[in-house]
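First to last, the sequence lines map onto chains A and B. Just so you know, the first sequence maps onto residues 1 to 1018 in my numbering. Just so you know, the second sequence maps onto residues 1 to 429 in my numbering.
For the record, the hints were derived by calculation from the structure and aren't laboratory data. Quick caveat, the model's predicted, so the values are computed rather than measured. Positions of the beta carbon are idealized from the N, C-alpha and C atoms, including for glycine. Accuracy of the hints is not assured; some may be wrong.
Unchecked claim - Quick list of simulated restraints, FRET-style, between CB atoms:
1) A:Lys124 with B:Tyr323: 25 to 33 angstroms
2) A:Ala198 with B:Asn317: 43 to 51 angstroms
3) B:Lys48 with A:Asn902: 32 to 40 angstroms
4) A:Pro920 with B:Val207: 50 to 58 angstroms
5) B:Tyr323 with A:Phe476: 23 to 31 angstroms
6) B:Ile196 with A:Val856: 40 to 48 angstroms
Claimed, not checked - Covered by chain A, according to a simulated footprint, are these stretches of chain B (three or more residues, beta-carbon under 8 angstroms):
7) 265–278
8) 331–345
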Amino acid sequence: MASNKKYWKSVEELTNNSLVETISKNEFVEEIPTDEFLGNKEALENSSTSRRDFLKYMGFTTAAATLAACEGPVKKSIPYVVKPNDLIVGVADWYATAIADGYDFANVLVKTREGRPILVMPNKEAGGTTNARVQASVLSLYDEKLRLKEPRKGGDVISWNEAHKQIGTELERLKNEEKPVVLLTGTLASPSTEKIIAEFIEKYPNVKHVTYDAISEDGALTAFEAMYGKRALPNYHLDKAKTIVSFGADFLGDWHGGFEKGYAASRKPEGGKMSYHVQFEANMSLTGANADKRVVTKPSDQVFALINLYNAITGDSLPSKSTPVDDQVKKAAKELLKSGSKGVVVTSSNDENVQVIAYAINEILQSEVFDAANPLYIRKGKDVEVAKLVADMKAGRVGGLITYNVNPVYSLALGSDFAEALNKLSLSVAMSVQDDATAAATQFTLPMSHFLESWGDVMVRERNYGLVQPTINKLFNTAQLQEVLLKWSGNTTSYYDYLKTYWSDEVLKGQSWNQALHDGFHKIEVESEVSKSEIDLTTAAAAIVATTKPSGFELTLYSSTALGDGKQANNPWLQELPDPITRASWDNYLTMSIADAKELGFSNPVKDNGAINGQYATVTVNGVTLEKIPVMVQPGQAKGSVGLALGYGRATNLKEEMQIGVNAYALYKNANPVQYNVKIENAGGKHEFACIQVQKTIAGRHDILKETTLKEYLTVDPKDHHHGWNKPAYVSYDHKEVEAKTIDLWDEHNREIGHHFNLSIDLNTCTGCGACVVACHAENNVPVVGKREMRVGRDMHWLRIDRYYSSEVETREEAKEMGLSGGDLFKVLETEAENPEVTFQPMMCQHCNHAPCETVCPVAATTHGRQGQNQMTYNRCVGTRYCANNCPYRVRRFNWFNYADNNEFDFNMNNEYGKMVLNPDVVVRSRGVMEKCSMCIQMTQATILKAKKEGRKIEAGEFSTACSDACATGALVFGDVNNKEEEIVKLKEDKRAYHVLDYIGTKPNVVYQVKVRNTNEA
Amino acid sequence: MKSVYLHNRISKLLLKSVTFVLLFLMSFSVYSQDVDEAKQGEGKKLFKSLCASCHKLDKKLVGPALAGVEERRENDWLKKWIRNNAELRASGDRDAVAIYDEYNGANMNAFPQLTDQDIDNILYYTTVGDPRSKASESTEVVATTQKEAPGWLIYILAAIIVTAFLIIASLLKTISELKGAPKTPGLLGNLHELWIGVKQNTFLHVVGTIFFLLVAAYIGFGSLFSVGVDQGYQPIQPIAFSHKIHAGDNQIDCQYCHSSAKHSKHSGIPSVNVCMNCHKNISEVAENTVLVTEEKTYRKADLDKEIQKIYKAAGWNSETLEYTGETEPIKWIRIHNLPDFAYFNHSQHVTVAGVACQKCHGPVETMEELYQFSPLTMGWCIDCHRETKVDLKGNEYYQKIHEQLAKKYGVEQVTAAQLGGLECGKCHY
C-alpha cells in the first residue's frame, strides 16, 4: 500500500494553507530599506555631508584602500625552540580519553593539532558513543569567558600555596572543633578519586562526602539499591529487545545516559526482527518521536498505567487507578508477554516505588534486556542527603563546605537559600572548572582543569574502566580535584603516580599500563552475580496512589538535547543546535498541547520571513512563580500537561548572548521532574523564537520522505507500480509515463574510475540526536550566527536534521469518500496533530551528479569532482546566490557577514582562545560567499594521501566523514561505491534505498533508506 | 759563573731563536710544502666523524683543544687513551686520571675499532691542521650587484634631451629673429602646423583614443594580476642565515632541517634544537667565510655573532657549555605565503610525487639570502599539474586508477591533471 501520509512541518502550516506559498515566495527576499533612507527628505537635506563631500571621501578611501592593498603584510613563522619528539607540525595526533563531567560519560578519541584538541569523536573500540554535548565539550575547554583562571579568595586572586595554607589551617581548626565539613561533588564514577576521597576523610573524619546530581535519578538508584543491594542504575541491552515499553523514559536522550546504540541495533527491519517500541509520555521526547506507537499520557496517568501494566501481566491487583490509556496498556502487556524475556519496561519516574514496579515487571518477564548484574555508575546523587545538607547549612550545623564541579546555587530549586546559607559557614570552597554562581558565592574559588587537561579514570559500567589523559597543557593556572585532595591529605604523591599505582594494583593486575592508556579503556571479564531482595509491591503501589494527587496542569521538566543539565550553557555550538523536535535554538519554552493553547489563547504566528513568535506565560507551581516563559505549541503534547527544559536561564559570567531562557530548576522541587498543581496564565507579549521550523518549505513536494510498515516491507514488492513502498518516480514524457531516471537534462558521465563517494542515511536508525550536527560544526569550522540570524533563517549548519510530523488518513479511498483535497485535508489532519508521527531526516548537500547549482553558477565556483563531491570554491564565489535558489534541497548557506573576528558575532571565532578549536585544514569563509557540506573532502583527501604515501590500496571502511564518525547508531554510512567491499555498495543497492526528489533527475550521491515502522500489534 | 750565566743566557736565546726559526721553517714547510695530503685528508675525515662532537683543534669544547697534542703526549699513551681511556685510568695512569678530573669526569667514548694507522692519521691531522683552502689564497671575489637602471629612466632622459634640444633650437631661432633675420616657419612652425592638422582629424582622434585605451587596459590588467604575487620576495631575516653555506657548501640535505616536508602539509621551519644539533659544536665559521646579502657583507666576525643568536634562542651558554633554560623562539619572516583558501601539502609532492625541492623553491643551495623563486600563482600550479607525468612506479595505490585513466586518455603515463589535479576542490576547501 502506497503511503498516503501528508508531511508537515508546523501547526501553522496546517491551519494556514496560504502560508506555504507566501513563505516559499519570500524565502530569499531581503529588501533593501531604501524608503527608510531616501524617503525622509528632511533628514537628507539636513545632513551635513553634501554629495560632493561624500564623493570626495569615497574617492579618497578607495584610493587609500587600493594603495594600502598593494603591500602585503609581513608574516612571521615561529618554530618551536625544542619540538616535542612525537609531534609533526601539520599532522594530527589522536588520544584516547574519557569524559566524565558528572552528567555525560563517554569513551572518546580526541584529535589534536600542534597540541590543541580540536575534535572529539567516540572511541568505538571501547563501545563509546557521543552525543551533541560530548562533541561540543572541546569548545568549552577554550571558554575563556567562563573558565576559572586563578585561585581566588573573596574575589581577590591568591596563589595556590596561599590557598592551600589558609584552607588547610581552617580544615584543621574545624577538625579539632569536630565541626562537620561536607564535600559536595557530582557523580564521579572514578574509582581512584573515590579512594582519594576516602583517604581525605580518614585524615579529616569530620568530612562527609555527599553526591549531588543536578538532574537526579535518585528514584531509580534507591529502588535498585533496595532490590539488588548496590547504589547503581540497571543497564539495558536494548539490542536484544523485541518489545520495549517506556513510560516517559527518554532513553534515546539523557535517561540513564542514553541507549541509542543498542536501540538502533534492534531497529533493523532486515529479516523482520525489528523491535516494537511503545512510548507512554506527555512531552514529545526524542524517544517518543522514534517510537512505533506513541501513546499520549499525562504524567499522573503514566504511573497508574505502569501499575495497570503490572496487573495486566501478572493478573495481580495492585492498588491503582484507571487511566484513559488502559486499552493501550493491555495491548502493550500482550506484546510483552509474547516477547517474554525479550521484553523490557522502563520508566523515567524519580519515585523509587514506581521504579520498583518497573524492575519487578522486568524480573517477571525474566528480561534479558534488563541487566542488574553489570549496572551503571553514572548517577550517584542522593536527594535526601542534599536536602539534609541544605537544611543543616541553614541551621548552622555545618562548619564547612567544599563543592566540586556542581553549581547548586544555580541548579537547586532553592538556589538562593543555598547561597545565603553559604554565608553561615566558616569555610566554603568551590572547586570548579567554571566561574559559575556557586564559585561566585564561596570564600575560596579554586580553578579546576578541564577533562581534556586532566588525568583520571572512570568506571561507567561494572568492571568497565576508562582512562582520562590530558590532551593539552593546562591553559590556565588550574589544578585537579585529586591533586588538591592529595595535598590536603598530606600525601606528596603526584596524582599521575597515584593513578598509575592504583591501576596496576586494582585494575590492570600485571597488564600493560601503556596499552590501557593507548586504548583508553580496560575491561575485566568476570561474571557478576546479583542477589535480589523481595520488595512488597502492594505497599509500593499504595504509596504511589497516596502520593500521586494531580490537579491543575502537570509539568514535566526535561533535559534538552542541546544543553542537558546546563553545564555547557556558555557553549555557542550547543545553543545554536536546534532542538530535534521543536527545531528551536537559543531558548527554552513551555511546550503546550494544541488544545490547551487554543483554550488559553497561545499561538505561534509565523512571520513573512519565516520566523515564529509566541506569547509569554506566567507559571506558578506550589507557590513558586516563574514569569515570562515563552510558549511553544507542541503537537503530541498531552492535553493538560506542559513541558519545560532545564539547563537554561544561567547568567553568572555567561556571555550576554548565552544568558537566555528561564531557569526551570526553580520549579524542580524535591528533584522531582514531574510537578502537579501547575497554574498557567497568559501574560501576552511577543516572544521571538529562533526556530528554523518552517523557513525551509518543501513546497508541496511531499515525497521527500518515504516510509512503510514492517509488514509491507516484508511482503510487498518495493517497486510494485501500485502498491510498492519504494517505487521509482514516473514522469510524463512525450505523452507517455516513463521512469523519471530515463530522462535527463545533463549528459551522463562515467563514474567508475577512481573513488566515488556516497553517503547512506538510514531513516530507521537516525534518532535525531544532533551529534552529527555539532561534529560538522567542529570539523568544518561552521560559524555560529546567533539567535537573531537563526530567527531569520540564516543558519549556517551544513547538516541539519529536518523533523517532519505526519498523520495518516486511513486509506486513499477514504480520503476520496470524504471528498477531501488540499486545505480541507489539512484541516482534518489538524485533529490528528494531537499525536502525530515523527520522522527525522538529516539533510545536507546531496552532492548531485547532475547538480542544478553547478549549472547556474556564473563564475563556475561550484563544480563537480570526479570523486562525486560537489565542490564549492569559496575564493571563486562572488555571491550571486543563484545556486541556493536553484538547489532543490535548500542546503546551501550564504555568509551574510564575516562571522570571524566580528564583534557583532561574539562567539568562539571572535577570541584567541575560541579560535584554537578551528580545524587548520579547512578555511574560514568570509563574507559574501556561499558554503555548504563538502562531504568532508579534507578527510577523504587525507585518507587518500595516507594510502599514497604508504603505497597501498585503500581498505574498505577507511573513508569517513565527521557526521558518519559521530553517529552513534550507524545511521550514517560513508564510503567509496567503486570499492565493492565497502558497506555502502550494499546499502546503495538495498531495497530500502531511495534518493530524495529523484524525479528531478539530480542523481544525488546521498542515498536514504526508507523508514520502516513496526505496526505489528497483537 | 757570570760568564756561564751569560753564556747560558746567550745560548738560551740562540737556542730559542734557532728553534723558533726551525719551527717557523718547519711550520712553513708543514703548511706549504711537506704536507702528506692523503694522510691529512684521512685524518680529517676520521676526526670529523669521531672526535669533532667534543673536540676542536684550537678551542676547548667538551674536551681539550687537540692542536699539537702529539707534542704534549707520547704517541703510545695517546693510542691507549683513545682506544680505551677508562681502562687507562683504571690502570692508575696519573696523566689519565688528571685529565679526567680536569674535565669534571666527562667520559670520553672508547674507540677500540681504530687501527694504529687511523690514530696516526688523526694525530697527523691535529698537528698539521686543515688543508689551506684555495679560495683564501685567491683574492676574494665579492659579487658586486650592479643595479641596472630601469628602462623607463632612459626614456625620460631621452625625452628631456629632446625637449632641451628643441628649446635651444627655438631660442637660437628667436635670437636670430631678434637680430633681424627674416621670419621663417622653421622646424617648430612645421610641427605646429602638423599638430593643428592632427587636431582637426576626427579619424585620428578615434584611432588614438582606441589605442590609448587598449594600452591602458593592457597595462592595468597586467598590474592588477601582479597584486599579491610576491615572486622575488626577499625579506631581511632575524638571523643572516645562508642556505648556500648549509645546503650548498656543506651539502646538508634539505629534509634534515625541513624534516616534516615528507610527512606533513608543512615543510616545517626547523626548531632551534635542530640548529643546535650541529651548532653546539660549531660556534664559529671558517676563517674566510663571507656572506653577501643585499644589505651587507658579512665576514667571520659578523657571522660568528649570528651564530650567537642561535645560542641566545636556545639558551646555550657557549662558555660553560650548558643550557640555561632561558629560551626564546626565533621569529623568522615567512617568505612563501599561500592564502588560507589554498590547501597545499608538501608530503604529497615530496613523498608521493618525488618532486625535488628546487622545482618550486629554486636553486636554494646557491642562495645566500633566501627569496621566493616561484610566483606561487594558481596558473603556475596548474601549469605544472598539466605537464607533470605522474610517477607511479611501485605505488600500489595508483595501479587500478592509472590503468583505467591511461586507457581513457589513450596515453602511457597520465598527468597530474588527468588524475584530477585540476579540480577546484582538490586545493580549495
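Checked hints:
1. Range check, Lys124 of chain A to Tyr323 of chain B: about 44 angstroms between beta-carbon atoms, so the 25 to 33 angstroms window is missed.
2. Checked against the given bound of 43 to 51 angstroms, the beta carbons of Ala198 of chain A and Asn317 of chain B, roughly 49 angstroms apart, stay inside it.
3. The beta-carbon spacing between Lys48 of chain B and Asn902 of chain A, approximately 58 angstroms, falls outside the hinted interval of 32 to 40 angstroms.
4. Under the hint 50 to 58 angstroms, the C-beta atoms of Pro920 of chain A and Val207 of chain B, about 56 angstroms apart, fit the expected range.
5. Between Tyr323 of chain B and Phe476 of chain A the Cβ separation comes to about 28 angstroms, which falls inside the hinted range of 23 to 31 angstroms.
6. Range check, Ile196 of chain B to Val856 of chain A: Cβ separation about 57 angstroms, and the 40 to 48 angstroms hint is violated.
7. Counting residues of the stretch 265–278 of chain B whose beta-carbon sits less than 8 angstroms from any beta-carbon of chain A gives 9, enough to reach three: the coverage restraint holds.
8. Residues of the stretch 331–345 of chain B lying with their CB closer than 8 angstroms to a CB of chain A number 11, which satisfies the three-residue condition for coverage.
Of the hints listed earlier, those the structure fails to meet are numbers 1, 3 and 6, in rising order.
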